[in-house]
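This is what each chain is made of:
There are 2 protein chains.
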Amino acid sequence: MDRFVSHYTLRLDAKGRVSIPAPFRAVLARDGFDGLYCYPALDRPALDAGGNALLKEIETLIARFAPYSEEREQFSATLYSTSEILKVDGEGRVVLTEPLKSHAGIADAVAFAGHGHKFQIWEPGRFRAELAEATEKVRALKKRLGTQGAAEGPHGARE
Amino acid sequence: MDRFVSHYTLRLDAKGRVSIPAPFRAVLARDGFDGLYCYPALDRPALDAGGNALLKEIETLIARFAPYSEEREQFSATLYSTSEILKVDGEGRVVLTEPLKSHAGIADAVAFAGHGHKFQIWEPGRFRAELAEATEKVRALKKRLGTQGAAEGPHGARE
DNA sequence: GCGTGATCCATTGACGCCCATATAGTCCCA
DNA sequence: TGGGACTATATGGGCGTCAATGGATCACGC
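One line per chain: the protein sequences are A and B, in this order.
Just so we're aligned, residue 1 is where the first sequence starts under our numbering, counting upward by one.
Just so we're aligned, residue 1 is where the second sequence starts under our numbering, counting upward by one.
Simulated from the structure, these hints should not be mistaken for laboratory data.
Every residue, glycine too, gets a C-beta built ideally from N, C-alpha and C.
In silico lysine-lysine, PhoX-like type, Cα no more than 25 Å apart, as pairs:
| # | chain 1 | residue 1 | chain 2 | residue 2 |
| --- | --- | --- | --- | --- |
| 1 | A | K56 | A | K87 |
| 2 | A | K101 | A | K87 |
| 3 | B | K87 | B | K56 |
| 4 | B | K101 | B | K87 |
| 5 | B | K101 | B | K15 |
| 6 | B | K142 | A | K56 |
| 7 | A | K87 | A | K15 |
| 8 | A | K137 | B | K142 |
| 9 | B | K15 | B | K87 |
| 10 | A | K15 | A | K101 |
| 11 | B | K143 | A | K142 |
| 12 | A | K101 | B | K142 |
| 13 | B | K137 | A | K101 |
| 14 | B | K137 | A | K56 |
| 15 | A | K56 | B | K143 |
| 16 | A | K56 | B | K56 |
| 17 | A | K137 | B | K143 |
Pulled a few chain B residues facing chain A out of the computed Cβ check, cut under 8 Å:
| # | residue |
| --- | --- |
| 18 | G114 |
| 19 | G116 |
| 20 | K137 |
| 21 | K142 |
Take the sequences, apply the hints, and build the full model.
Here you go:
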């Protein structure tokens with residue numbers, strides 16, 4: 001499997017470390033990126049994380065703007081300077097920096113949520129709320145689509 | 001990693017020295033430039049800094065103008081004459097010259113901000129403001145792009 | 001001699017790396 | 001099919017190393 005799927009809730013230890021869920025570690029290992037690329041999501045209190053696949057997506061996005069253009073400068077500045085490359089220890093753990101934790105409101109536990117080529121890191125309570133809201137919207141959308149059944153919920157029932 | 005990523009805030013000591021963040025030093029070492037190439041950013045109160053990769057970008061920029069043209073002369077004169085090649089001591093520290101500090105409004109602390117192939121040096125307060133502003137613009141820009149349906153932003157599909 | 005600056009050394013705290021333990025899930029075999 | 005051994009994962013802790021910072025010594029030019 002080469003995609004991040006499902007979600008997991010894990011605790012931070014006294015030193016602020018948290019294990020990346022083993023299935024996600026397996027995807028990262030296959031991806032080949034050394035460490036964990038991580039930055040605050042623009043429009044929600046969560047962190048985007050991943051490896052080369054995520055980096056490539058960002059580069060593609062930035063490459064759509066003309067070189068030296070104001071938009072491009074701002075895009076690359078924002079994304080690069082707020083990004084962190086977290087080291088992963090021998091046990092598959094990372095320590096989130098203070099800015100990252102603060103953006104997501106993370107204290108002593110985090111929820112990892114698979115998003116295919118990347119995954120997000122949430123404060124568990126906020127994640128539950130976000131998931132409930134998103135599920136509701138998807139449900140309504142599916143109803144609008146009628147019998148096409150094009151959209152399944154993004155997550156299973158597991159909590 | 002061969003890019004400047006993330007940001008760091010460090011203090012100047014009594015002698016005006018400031019450590020280049022270790023991850024940035026690693027990138028510079030790989031780049032092979034001896035010292036730190038540094039000049040005032042043209043359109044903002046910050047300093048651009050880097051190594052050979054930055055020099056190459058500058059040369060490419062200047063090469064866009066016709067040889068001996070007025071623009072080219074002015075461009076190269078401005079960029080090269082205001083540039084400094086700062087010495088890096090055994091501990092990885094540099095001393096900013098007075099013109100550089102004055103341009104960026106730096107007193108006793110600086111923020112290093114990764115920009116991929118180069119990094120910028122800011123007065124910490126100004127950097128926070130600049131980052132907030134750039135993030136806001138990127139957020140708006142991403143929203144525009146999202147409605148086009150041409151590409152998903154790097155931050156997930158659900159809106 | 002004195003100021004300026006550069007190289008060297010010292011301290012402190014954070015972080016990386018290693019090992020230990022518990023728990024849960026899986027597999028094997030009787 | 002049930003039990004038990006085994007494996008892998010999550011978590012906790014110790015310790016050495018490195019980075020950031022401060023200070024001191026040394027070299028040199030004015």
